[in-house]
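A.B. asks: Listed below, chain by chain, are the residues.
There are 2 protein chains.
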Amino acid sequence: MSVTAARGFEAAGVAAGLKSTGKPDVAVVVNRGPRKAGAAVFTSNRAKANPILWSQTAIGDGVVEAVVLNSGGANCFTGSFGFQTTHQTAEKTAELLGVSAGDVLVCSTGLIGAGDEVFRAKVLAGTEQAIAELSPDGGAAAAEAIMTTDTRPKQAVAAGEGWTVGGMAKGAGMLAPGLATMLVVLTTDADLDAAALDAALRRATRTTFDRLDSDGCMSTNDQVTLLASGASGIQPDPDDFADRLTLVCADLSAQLQQDAEGASHDITIDVVGAVDEDDAVEVGRAVARNNLFKAAIFGNDPNWGRVLAAIGTTSAAFDPYDVDVSFNGVRVCTAGGPDRPREEVDLTPRATGILIDLKRGEHSARILTNDLTHDYVHENSAYSS
Amino acid sequence: MSVTAARGFEAAGVAAGLKSTGKPDVAVVVNRGPRKAGAAVFTSNRAKANPILWSQTAIGDGVVEAVVLNSGGANCFTGSFGFQTTHQTAEKTAELLGVSAGDVLVCSTGLIGAGDEVFRAKVLAGTEQAIAELSPDGGAAAAEAIMTTDTRPKQAVAAGEGWTVGGMAKGAGMLAPGLATMLVVLTTDADLDAAALDAALRRATRTTFDRLDSDGCMSTNDQVTLLASGASGIQPDPDDFADRLTLVCADLSAQLQQDAEGASHDITIDVVGAVDEDDAVEVGRAVARNNLFKAAIFGNDPNWGRVLAAIGTTSAAFDPYDVDVSFNGVRVCTAGGPDRPREEVDLTPRATGILIDLKRGEHSARILTNDLTHDYVHENSAYSS
Chain A
1 MSVTAARGFE AAGVAAGLKS TGKPDVAVVV NRGPRKAGAA VFTSNRAKAN
51 PILWSQTAIG DGVVEAVVLN SGGANCFTGS FGFQTTHQTA EKTAELLGVS
101 AGDVLVCSTG LIGAGDEVFR AKVLAGTEQA IAELSPDGGA AAAEAIMTTD
151 TRPKQAVAAG EGWTVGGMAK GAGMLAPGLA TMLVVLTTDA DLDAAALDAA
201 LRRATRTTFD RLDSDGCMST NDQVTLLASG ASGIQPDPDD FADRLTLVCA
251 DLSAQLQQDA EGASHDITID VVGAVDEDDA VEVGRAVARN NLFKAAIFGN
301 DPNWGRVLAA IGTTSAAFDP YDVDVSFNGV RVCTAGGPDR PREEVDLTPR
351 ATGILIDLKR GEHSARILTN DLTHDYVHEN SAYSS
Chain B
1 MSVTAARGFE AAGVAAGLKS TGKPDVAVVV NRGPRKAGAA VFTSNRAKAN
51 PILWSQTAIG DGVVEAVVLN SGGANCFTGS FGFQTTHQTA EKTAELLGVS
101 AGDVLVCSTG LIGAGDEVFR AKVLAGTEQA IAELSPDGGA AAAEAIMTTD
151 TRPKQAVAAG EGWTVGGMAK GAGMLAPGLA TMLVVLTTDA DLDAAALDAA
201 LRRATRTTFD RLDSDGCMST NDQVTLLASG ASGIQPDPDD FADRLTLVCA
251 DLSAQLQQDA EGASHDITID VVGAVDEDDA VEVGRAVARN NLFKAAIFGN
301 DPNWGRVLAA IGTTSAAFDP YDVDVSFNGV RVCTAGGPDR PREEVDLTPR
351 ATGILIDLKR GEHSARILTN DLTHDYVHEN SAYSS
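Line order of the protein sequences matches chains A and B.
Here the first sequence is numbered in my numbering, starting from 1 and rising by one per residue.
Here the second sequence is numbered in my numbering, starting from 1 and rising by one per residue.
In case anyone wonders, no lab produced these hints; they're calculated from the structure.
A hint or two may mislead.
As the list claims (entries may be wrong) - What follows is a set of in silico ranges between Cβ atoms, one per label pair, in the way DEER data are often shown:
no.: 1; chain 1: A; residue 1: Asp346; chain 2: B; residue 2: Asp339; range: 47 to 55 Å
no.: 2; chain 1: B; residue 1: Gly353; chain 2: A; residue 2: Gly361; range: 45 to 53 Å
no.: 3; chain 1: B; residue 1: Glu277; chain 2: A; residue 2: Gly33; range: 52 to 60 Å
Claimed, not checked - Selected chain A positions facing chain B (in silico; Cβ < 7 Å):
no.: 4; residue: Asn45
no.: 5; residue: Gly113
no.: 6; residue: Gly337
no.: 7; residue: Ala382
Note that the structure is predicted; figures quoted are calculated from it, not measured.
Every residue gets a Cβ at the ideal spot worked out from N, C-alpha and C, and that includes glycine.
All chains, please: the whole structure from these sequences, using the hints.
C.D. replies: Laid out in structure tokens, this is it:
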């Protein structure tokens, strides 16, 4: 499963003492080839963490030998000392693997502003330990080591004709996309070059990770990396590869949504009847980010008025007196007015579906989000992260 | 005090049975002249309630004889029946006062989608009753009748040289501005025409109600109306009038913030060092709307990392490694890195000040917001509104 499902990869996850709980917190994924191609997408937050600044440069030549990931500290806004920590992590990895530091990506997650001398020493020691423990069966250990407030590891895999694509993800808060969101490593033994990987990755993330908007808060550290080893010797059809990759990304996105901090509902917002996809996304995101709507879902209240009020803040093409809104299949609002009684809607299941028909065109989009709960407030007020 | 502080105005507030609690829910404010000038600003939400659609037309000629306001139902997305309810309310008021219906503004607040036959009958009966009880001392009763989840009425007054400006406001949730926000009626006995009122009102609301962003949720019903009776016979200097009006609006804005649903902190975000005011507003608003930041304040956590992460989502001119952030006077972040220890910050007082220096220019803006609390989630999940 996970990042070692495809041939040509080894991984490990170890406890380096970054987490006060003593749980695993450093992971390494290594591409054993024969090909060493990679692509990545990064947070579009303009306040970027040191590992993002490093990895954005390192991915430039499309060659990736390894990815080092740590939880227990974001190494964001830690100054030049923090950037040197990332650099030294890549250097240490390169030295131990006998590769170039410029082909090692680094990812960090945890508290912003955390990344002192002690942090650096633990990350470097953990990296060394993880490399010593690299294994073709190390995917599960790696998936566990990148968890922060996640309650369970996230892994997914899809098989092609003679080739495989799999991956792992972490993320439970600050879940709102720029381009990418959260930390994700995807691997395949398909024989594809960096340009093909980049095209497939952007196609897959655009409708998966980029449409998951749990709490509207964009992270400083998000990175989704795709590595290809070529170990299968097979060059799949680009559409076929992108489709399987999208399946894996959609699976991981759903796992992230289902484990979002404090959430009691996994909300799927389908916007249809839009004049174009951008309008549909804008409307879905405006609803997903509306705290009154999110709190209403927590309270099992099919409050369509809050949906329309949120739509009204967008620039999308619509007339409020045309819009239909359904909650879990019950159309409570038709043409901007009340329809079925609220009492007919059952919002007790965790899975919640909102259907918004703008009645203006043929385009649609799906946004995944969560409700606003006491547990969300508790988790994000009682602990720094 | 309130809307009857200035000469030439009468008001009343009565219980018409719209609120299940039996509390007052219909208010009327009448301008006795000699001048009958008015100006108003409205929510920029594109999903607008029926009273907004009516009042936007009625304000066109700059003549306003009366404003009728009800709580206990927003009359929003109630179809043509709801629009007729608003129209009939204006007609009834006009008939009883012997004026034109086109010079009567209507405001409603409460649950979206609520506005059936029973609602209409109660609003009309309440309007008639309120007009029968009109009094030069009725300001306090009117201020009480427009309350929804407000825990206390909001009134303010400022005196000029021989003239007065005063007002009342309601609003505790869906507090985020388009142009205006919440329901506000302001009155003055200064002798000013509609154009002068409009200019002063836009100037005053731009830096007061429009900078109050409690929960990021824009209402469908917000309206701020300013009426002038001319009863003082004095034509104040336009700047002087706008300054006093701004004082009243700022006072009412602060009262709205201090009574926001479930809030435990009143947060003042001062953004300085911006290249222009728009940048400062964008940054302040992005921080004010960041749920992780808001939850951190609830938890008394001076989490400057979340402030920088929110700034990073804007298009403002800044470099994250230049930015300083202070919480209640303690600079916890200097040039995008840690400075004073978090332990030095005392966030136990309700009044909280965040100072963000972008270090790029000479412009600034102040945004008022609140924290994200268990009580906010409770109030907005347990009750429809």
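A.B. asks: For every hint, state whether the structure bears it out.
C.D. replies: Each hint tested on the structure:
no., hint, in the structure
1, Asp346(A) <-> Asp339(B): 47 to 55 Å, "holds, 52 Å"
2, Gly353(B) <-> Gly361(A): 45 to 53 Å, "holds, 47 Å"
3, Glu277(B) <-> Gly33(A): 52 to 60 Å, "holds, 55 Å"
4, Asn45, "holds, 4 Å"
5, Gly113, "holds, 5 Å"
6, Gly337, "holds, 4 Å"
7, Ala382, "holds, 6 Å"
Violated hints are absent here; each numbered hint is respected by the structure.
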